[in-house]
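Engineer: Here is what each chain is made of, one letter per residue.
2 protein chains.
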Amino acid sequence: MTGNAHKAREVAAFFQGILEVEHVPLDCPELKHDDVGEIARGKAAWAFGQLHRPLIVDDTGFSIHALGGFPGPYAAYVLSTLGNTGILKLLEGVEDRAAFFETAIAHADRTGTIRVFRGRIDGTITGSPRGTGGFGYDPIFEVNDRTLAELTLGEKSRISHRARALQALRTWMESLPE
Amino acid sequence: MTGNAHKAREVAAFFQGILEVEHVPLDCPELKHDDVGEIARGKAAWAFGQLHRPLIVDDTGFSIHALGGFPGPYAAYVLSTLGNTGILKLLEGVEDRAAFFETAIAHADRTGTIRVFRGRIDGTITGSPRGTGGFGYDPIFEVNDRTLAELTLGEKSRISHRARALQALRTWMESLPE
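Protein chains in written order, with our numbering: chain C, 23 to 200; chain G, 23 to 200.
Looking at chain C on its own, in the form it has when it is part of the complex:
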């Protein structure tokens, strides 16, 4: 469950041929919290109350070390106001470019029990945007000399924070008794 069609595509790409994933956009109240895991857990509990069936909810944060973790859980709001331009301006002349994405995926099973799976990717903020793929902060976030926006959806689906959280979810699913 996400309002973001890009995220939905990444999730569908990940589970292709394994599991059918339906994208249900819901206007979900969201707790203000520092931890993406707690935010995702709260949204999953709410969504289960609406849908009464197994579901996953994604919440992603973006933390820049030199900015005290900013934008953190407010990644989406900051992107829509300051954008990548604002982030680059804040980091002008700043040497420490370390940053990471963290995704928490909360899974509600058919009984409403919620489990949270996390994935993280560490990288650095570029000096200027590069690449046309991905979305959000991808063009200014670099791992091994390439920004996430310079990766194909397939490449990104193997290494990204969201892919890692989905992988953790899949490992757990595969460990369940039939």
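Rather than coming from a laboratory, the hints here were simulated on the basis of the structure. Do not rely on the hints blindly, as some may be mistaken.
[What the hints assert, rightly or not] To give an idea of the chain G side of the interface with chain C (calculated C-beta under 8 Å), a few residues:
(1) L89
(2) G90
(3) G91
(4) F92
(5) Y96
(6) L104
(7) G108
(8) L112
(9) T146
[Said to hold, decoys possible] Derived PhoX-like pairs: lysine-lysine, alpha-carbon spacing no greater than 25 Å straight-line:
(10) C:K29 - G:K54
(11) C:K54 - G:K29
(12) C:K29 - C:K54
(13) G:K29 - C:K111
(14) G:K54 - G:K29
(15) G:K111 - C:K111
The beta carbon of each residue, even a glycine, is placed where N, CA and C say it ideally should be.
Using the hints provided, position chain G relative to the given structure of chain C.
Structural biologist: Just chain G now, with coordinates in the frame of chain C:
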């Protein structure tokens, strides 16, 4: 009810000699919402469920026009990460310095009915911080050539966003039948 002792002092100063205000810090879950009125309403409902007596809750946003309304409802988080230095950096070379504070005060009466009162103050962002009073963004927010941090608590208590919301609350209180 607020976790912020500065706010509590401003509220106490406003009601001095009129009403006794007790400051009860509560660790209150907070909805993520664009509108400070809705945030304050949600917190007041939650707090009334804990305290079961009349109370007020404050939520304040800070919106900078050239930054698409940023930091908006995330004023506290942005202050603790970017600080005023970060705001000034974002506005380097930006001509449009218009900004406003908005406070929403949600009042729960003894039956738990919630009313929201708002106050707003318009001003501009300075080039550098000035003044030692107030808190938060006060040193970089200017109205009539003085920053809020250059005002005494008494002066600020007459013109600020919070004072205006409190004034609206007081007007309503005074209109009630004895």
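Engineer: Does the closest beta carbon of chain C sit nearer than 8 Å to the beta carbon of L89 (chain G)?
Structural biologist: 6 Å, holds
Engineer: So if I understand the rule, the pair passes when the alpha-carbon distance is 25 Å or less; does K54 (chain G) with K29 (chain G) pass?
Structural biologist: Holds: K54 (chain G) and K29 (chain G) sit about 21 Å apart, inside 25 Å.
Engineer: Against chain C, is F92 (chain G) within 8 Å by beta-carbon distance?
Structural biologist: 4 Å, holds
Engineer: Tell me if the interface restraint on Y96 (chain G) is satisfied: Cβ within less than 8 Å of some Cβ in chain C.
Structural biologist: Result: holds, 5 Å to nearest chain C Cβ.
Engineer: Hey, K29 (chain C) versus K54 (chain C), does the alpha-carbon distance stay inside 25 Å?
Structural biologist: 21 Å, holds
Engineer: Return the status of the interface hint for L112 (chain G): holds when the least beta-carbon distance to chain C is below 8 Å, violated otherwise.
Structural biologist: Check passed: Cβ of L112 (chain G) comes within 6 Å of chain C, closer than 8 Å.
Engineer: For K29 (chain G) and K111 (chain C), compute the direct alpha-carbon distance and say whether it is at most 25 Å.
Structural biologist: Violated, at about 31 Å.
Engineer: Would the stated hint for L104 (chain G) survive a check requiring a Cβ distance to chain C of less than 8 Å?
Structural biologist: 6 Å, holds
Engineer: For the pair we were handed, K54 (chain C) and K29 (chain G), check the Cα-Cα distance against 25 Å.
Structural biologist: 20 Å, holds
Engineer: Does K111 (chain C) sit within 25 Å of K111 (chain G), going by the straight-line distance between their CA atoms?
Structural biologist: OK: K111 (chain G) and K111 (chain C) at ~7 Å, within 25 Å.
Engineer: Does G91 (chain G) hold up as a contact with chain C if the rule is Cβ-Cβ below 8 Å?
Structural biologist: Holds. Min distance 6 Å.
Engineer: Quick check on G108 (chain G) please, does its C-beta sit within 8 Å of some C-beta on chain C?
Structural biologist: 6 Å, holds
The structure is inconsistent with the numbered hints 9, 13, although it conforms to all the rest.
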